[in-house]
Each structure stands twice: as structure tokens, then as C-alpha cells.
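Novice: Sequence:
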Amino acid sequence: MTPASVPPGTTHTTNAFSWRFVTPLFTGSAINAINTSLIATALVPIAAAVHVSVGRTAVLVSALYLACAIAQPMGGKLAEEFGPRRVFLAGILIVLAGGTVGGLGQDLTALVVARVLIGVGSSAVYPSAMLLIRRRAEATGLDAPPGGVLGGLMIAGAATSALGLPMGGMLVDAWGWRTTFFINLPFALLALAMAYFWIPSDPPVAGSRTLRELAARLDMTGIVGFGGAIAALLVFLRGLPHPDWLVLVLAAVIGAGLVWWELRAHRPFLDVRLLGRNPALTRTYLRFAVASLCVYTVLYGLTQWLQAGRNMSAEAAGLLLLPMSALSALLARPISQRNLVRMPLIVAAVSCLAASAGVLALTASTPTVWIVVITLVFGITLGTTISANQTTLYTQAGAGEIGTAAGLFRTFGFLGSIASSALISVVFHTQVSDQRLHLIALIMVIVSVLGLILVITDRTVMTRARV
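Be aware that the sequence shown starts at 1016, since it is given in this note's numbering, and climbs by one per residue.
Hints in this document: simulated from the structure, not taken from any laboratory. Quick reminder that beta carbons are idealized off the backbone N, C-alpha and C, glycines included. A portion of the hints provided could be inaccurate.
Restraint-style ranges between C-beta atoms, simulated for each label pair [said to hold, decoys possible]:
no. : residue 1 : residue 2 : range
1   : Ala1208   : Thr1478   : 17 to 25 angstroms
2   : Ala1208   : Ala1271   : 14 to 22 angstroms
3   : Met1477   : Ala1372   : 17 to 25 angstroms
4   : Arg1292   : Gln1352   : 29 to 37 angstroms
5   : Thr1124   : Leu1261   : 23 to 31 angstroms
6   : Ala1230   : Ala1154   : 24 to 32 angstroms
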């Protein structure tokens, strides 16, 4: 750790994790979370403005998911190699470019490019933030994870995702769909200025910088292979309920080739051996993917049902989910501050199962208050699972790989959201009804049972109340 990583005279955690240090990290992390759902209420007016069908605008959602799933671990790898502050600032600049391109875009292609830029840029923030926090904690001699800081990062990076729906609805109603892109500019400029002035500079990059050695350090072959496998899988899922089996075979072939390459790479992008040596970390990823599938199914599937089955506006449906987001944020902070693991993960699994069963009872005539109660239970799931899993990730990944590990953690979350999108697309393909919502709920119950089994059979979790 170099002196540049921590300001001179920083001797305890209160000074090390001052509001000047954490505020840009929280602000930058919120950009990615809000953008995952911000576009949902703008798809219909975008389709009318660029003269395409509403179905074709779904690519704007897929483009961000794909970019984030690939760029999260890539951002972590770059942060480890070239410094987290540099990558953080570069990511924010890319977000600024994406917001500008989208706000001024005149056709669907420009908007897709904008969403990819926003996804790539905002994806560099979270793993960079995790690496900055880890290095700052080690520099101050902190043995336990800085729970309060991790809790704030979790709230900014995940619990705020539900804010995108009502925010998008209000922006579109007030100023049009272009504001869903332009809104990134003030947040990105604020995060950029704060990070530039308040986060200490990275030390000089060690080693030579020829293109060949740079490609080897980053494992560009591994990055391309990972991106190809994820892209093919996403194309297959988006094609349901009319599966293109050739695309699925292509995803499997690319994935197998990726594993073969990474087992032989000197500095692998996706450390397959690490996942094999560290099954506890792999289980953390799987738990997060399962919880993300259920939570995102509620965010998007329940929203569609509220609009189609109960004739709610997009803005009203989004506002109905705000209590869920608020409760998850309230729970996350104290859990993270105490570095709790076992009980929050058990509560997360049980609450996810209970809330999924609750969706089975929903009908078009169900009082709104009961819908809010069920979403609040999902808020418990969201707040407990992300905080506890993020804490376990912090301790399960080594200091030299925390950036890539944190990025891969978010990638598994996006894989869960992609799976939820495919599930909703298949079940609601022809119509949105109570019966089809109940089918989705039944699948969520099955997935929740698997999530509960993942928790109670994990000895590393069941024997550790906290870290």
C-alpha cells in the first residue's frame, strides 16, 4: 500500500472513511442501479419517437444488462491492474458520453449505443469502489470489513434500483423520454468532481505497457470469450418462448472454450481455479443470483401485472414499489454495520419463499394494501441478502482479486435479472392475467426453495454469525 492511497495522518477508520471519501463512491454506484429500471417507463414513447414497434425497444433493456454483465468483472480487472481511482473516473466519463448520446439520439441504434456506454461506464464504479474500500481498510489496519461503508455502498448500488421506475415515470411525464438519458449527466458530473478532488490518486502503474503485454495482463481473449458466451445466452433467453437451440449450443461451446482457455491463462480474467478452490465464494454468487431472479421478477413482472391487470399507470405502479426499496435500505445498514452473515441470509431465504407464496394469492381484486405488504416482504429479502452476501464476498476474496470478484458478484446478479426477464417474457408472452402471474409465482417458490437449501446446507454460513 502506497502513501498515496491514504492521506497523510490518517490513523483510524473514522478519518479514513470520511464523508468526502465515501460520497463519490455511493453517488457513482447509484447510477448503475437506477439505470437498470429507469428506461422501463420510456419504452412506449421512445418507440413512437423513433418509429419502431414497442417490442423492438426491449433491446434497450437487454443492451444494458449485457453490457453490465460483461463490464462488471472487466471493470474490476482494470481497477486491479491500473488503479481503482483511474478506472472509477474513466467509467464516469463514459457514463457522461452515454447520457449525451442518448439524450441527443435520433434513432434506435444511437439509443442502443448510449445504453451500452452507460452500462459499461457505470459498471466500472462498483468494483473500483470495493477495491478502494479494501485498500483503505488495510492501510488503516482494519481487520473486520468496514460494515457501515459496505452498507452504504449496497444501498446505493442495489437498493436504489426500485427508484428507477417512479423516477422514470415522472421524468417522462414531465419532460419527455430524453430526460431518462440526460438525467445521468448531473449525477455523473457530481460524482466525477467529488472523486477527482476527494479520492487520493493511485500509485504509478507498475510494469511495461506494450500492447501485447497489456493484452496479456488483461487477458483479452478471456474477456472476449466471456462476452461472447454471455451475449449468446442472452440472445437465447430473449428469444423465448421460441428458442433458438443453435444459439444455446453456441453459448455452451464458447463457454467450454472459455473454461479451457482460462485454466491455461497466466493471468486469467475469469479465474476458474479460484471458483474451484473457493466453493464458498461460488455459493455466494449463486445465492445472489437466485435472490436477484426473484426480486427483479417482482420489479418487472408485478409492475406489468399491475398495469395490465389493475389498469395502473406506470408511475403509480412504480410508486407502489417504493416502500420495498425503502425497507431494504433501512435493513441493509445495521446488518452491514454489524457484519452479520448467518441470520440475514436465513431471513432472506425464508422471506423470499414467503413472499413468493404470497404472490400466488394475488388477484385483480386484491386490496392494494396486501400488495404493498407482499412487496415489503421482498424488501426484507433485498436488504438482507445483498448486505450479508456482500460482507461474505469481502472476506472470501483476497485483496488482490477483490475488484474482479466484486464485479463477478454483480454479474451473477445481472444473470439473475436476465433470467427473470426471460421468465416474464415467456409467461406473459400472449397475455397478462392472474393465472399467468400465479405461474410465475409458482416458479419463484421453487427457486426460493433452492435458495433456502443453498443457505442451510452451507457450513461456512451456518457456523458464522458474523465476520
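Novice: Each of the hints needs a verdict: does it hold here or not?
Specialist: Each hint tested on the structure:
1. Ala1208 x Thr1478: 17 to 25 angstroms: 45 angstroms, violated
2. Ala1208 x Ala1271: 14 to 22 angstroms: 45 angstroms, violated
3. Met1477 x Ala1372: 17 to 25 angstroms: Holds - the Cβ-Cβ distance for Met1477 and Ala1372, about 24 angstroms, lies within 17 to 25 angstroms.
4. Arg1292 x Gln1352: 29 to 37 angstroms: Holds: the Cβ-Cβ distance is about 30 angstroms, inside 29 to 37 angstroms.
5. Thr1124 x Leu1261: 23 to 31 angstroms: Given about 25 angstroms between the Cβ atoms, the range holds.
6. Ala1230 x Ala1154: 24 to 32 angstroms: 31 angstroms, holds
Checked against the numbered hints listed earlier, the structure breaks hints 1, 2; every other hint is satisfied.
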